Amino acid sequence: MIAYLFRRILYAVPILIGVNLLTFALFFVVNTPDDMARMQLGIKRVTPESISKWKQQHGYDKPLLINSTASGKDKLTDTIFWQKSASMFVFDFGYSDDGRSISREIVTRMGPSLSIALPTFFVGLLVYVSFALLMTLFRATVLDVAGVALCVVLMSISTLFYIIGGQFLVSKLWHLVPISGYAGGLDSFKFVVLPIVIGVMGGVGSSSRWYRTIFLEEIGKDYVRTARAKGLSELRVLFTHVLKNAMIPILTGVVVVIPLLFLGSLLTESFFGIPGLGSYTIDAINAQDFSIVRAMVFLGSVLYIVGLILTDLSYTVVDPRVRLA
Amino acid sequence: MSFMPVILWSDALVFLLIAVTGVAVWYVRRHEHLLLPWRRVTHNSLAMVSLLVLSLFLLVGLLDTLHFRSVLPQSNGGEKVYSPEVLSVFDKLVDPLRTHTEKTYSAPFALTLYARETRTDAQGNVLREFPRLQYGGAHLEDVSRRDADVVVRALIGAGLGLFVGLLSFYLTHRKLHCASGCDRAVSVVTMILTTLIGAIISLAAVYHVLGTDKVGQDVLYLSLKSIRTGLIIGTVTTLVTLPLALFLGVAAGYFRGWVDDAIQYIYTVLSSIPSVLLIAAAVLMMQVTIDTHPEWFATTASRADLRLVFLCLILGVTSWTGLCRLLRGETLKLREMEYIQAAQSFGVSGLRILTRHIMPNVMHIVLISLVMDFSALVLAEAVLSYVGVGVDPTMISFGTMINGARLEMGREPMVWWALASAFGFMLVLVLAANLFADAVRDAFDPRLNRTEVGV
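For the record, the sequence lines run as chains P and E. Numbering-wise, the first sequence is residues 1 to 325 according to our numbering. Numbering-wise, the second sequence is residues 1001 to 1455 according to our numbering.
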């Protein structure tokens, strides 16, 4: 087990190097730091001096890969690649364009993001699985057909509609919760409840339908017939036998996203004014702050790889046949 | 010639897509075993109704793809001068919708603007009132007769539409009731659609059926124009996804060894970056490139268009990994089959085994995944445009419509019509695509073992 974990973490290194090279190529080779400076300063009133000043301020005034003017190991380390990209491996993300430490921002913004993403995830999972089990219980009846039809309609509606519609109905028309904003502690409840409900709503269609397919596939198997022949009630068959056996395909899709919950949701956070990592990213995109976007891309892929490893570990928990070696 | 045809990049790609689809259709029609699953699709009424709705959208999109620049009336010393504005055949067809722009917002079927304006009348009194619209309902002398006028026009249009529908039904079936070889649901929906379209055409000639937006453009026109953007995002992206996923996936599964390792490495790296962030990063970089090279583009339309094509490219590069993984798995299974081993022992080359024996047998996966992806891409466009990494802000799309209308939610009375139209059109398009995709999946998925053999 430990050996397996160690090997998986070693496998992650070349992938992260690939991600790093890709982002480096995207951000520095396709467009040179000069282009970025011109973009930030505005195309019109740009002079060579202001460009070089901007580059110096933000540490972009070095060669890309190899510094031939430096000596010794500075040849490699006194470059943009080393200082901006390679340093991300030790989670040193540097400073954003307004001079704040990106790492500190990430730590402080993680809380609000999680206070929305975690409940959305768990409540959502509960709702989707129960809805799917209900449809499976009433399979091939009018209720099942109606449920599937509802799912198809729900998944055809844009997420933006859920957010805008929910804000309008609940906050503006019924005045139940504030439209947007955030507060720490227990006060945060009234701010996070609507984003959570909307987040859960947005996934009902596709997730429930997907889980229903998984359950239906399981229900045709031999062990289900044996359980029924034993005289178990249909409810028991569903909840103890089918649900347990359907865990592997469900976990495959679910566990991988758990670490990514840290990053929050771009849309929800920006619509509801939650000061989390999602709105941080979207603000950075709009302000074209490349260092933040670069940091988030790297962080995202680290979390994704953690998710993949967690998925493998979760198999051993739900399926005793799986041994990691 | 009074116009100059313009082929934008996205138009060229659409034509390429049509050509590819045409060849595929021609090929399938000549092979009975390939035609069989499609027969199952045509026997599904729900699928055919969705296809009917989809083809209406496709028609609008295609007409909107034939672009041209018309000649300006004043000539420059005998030399023709073309307008810098790129129009499409669709624009020409709905010319009144495009040109009848008001000052600012007006509600659906409204006769007056949304906001009051200050006006001085003949006696020098300053009045604050809702000014009449320049075009919307301008033919009405008496404002109170509007409701009656709307009903009469709608009925006339609906009647004409129904007549056209019935006539075309009679011409194709030679009778007016549904006998064998006629899908009742499809016929009924056709009648409903022609009636509806008739009513809308008759009303849209004199009213703004869905209101106007901030700069006074007709919302119905904007919604119809958005269709092309949505369709292009949903279809042209597959031009990138398909070759990448197909060749790399099949090659990884068949050759294994270092080829497999390399390809797996590439798609793990790509898929480990959260897709929104990768798209955002790529689009930001593209924006910098476009902004620093203004000399590449002759018209604003061509710049917006190139951005659309790039967006498709980026979406394609970020979304091929899932299909590639599926194809690799399927090929791993297929290469152990006896017929492949037989081919190998006959000395058939690897490339030929791939193209003759493996690719045809994974095509159902490709097809299912492409039709399933379409609706997701249409929905993604709106979200990406909201995040600020979608299509060019000057390009009409569902995303830009929603983005523009979202800020007006706080107004009193509320400006709801632009949002409602964008969401409504999107829902119909995506719902039809989803239903059709489901039917295609059911017909092609070999896991659903059928006993009946086609027709």
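By construction, these hints were calculated from the structure, which means they are not laboratory data. Check each hint, because a few of them may be wrong.
No more than 27 Å apart at the CA atoms, straight line, and that leaves these computed lysine-lysine pairs for DSS-like [as the list claims (entries may be wrong)]:
#, chain 1, residue 1, chain 2, residue 2
1, E, K1092, E, K1175
2, E, K1092, P, K172
3, P, K190, P, K221
4, P, K221, E, K1333
5, P, K172, P, K190
6, E, K1214, E, K1103
Keep in mind the model is a prediction, meaning the values are calculated, not measured.
Each hint tested on the structure:
no.	hint	verdict
1	K1092(E) - K1175(E)	violated (36 Å)
2	K1092(E) - K172(P)	violated (41 Å)
3	K190(P) - K221(P)	violated (46 Å)
4	K221(P) - K1333(E)	holds (22 Å)
5	K172(P) - K190(P)	holds (14 Å)
6	K1214(E) - K1103(E)	holds (8 Å)
Hint violations for this structure: numbers 1, 2 and 3, all remaining hints satisfied.
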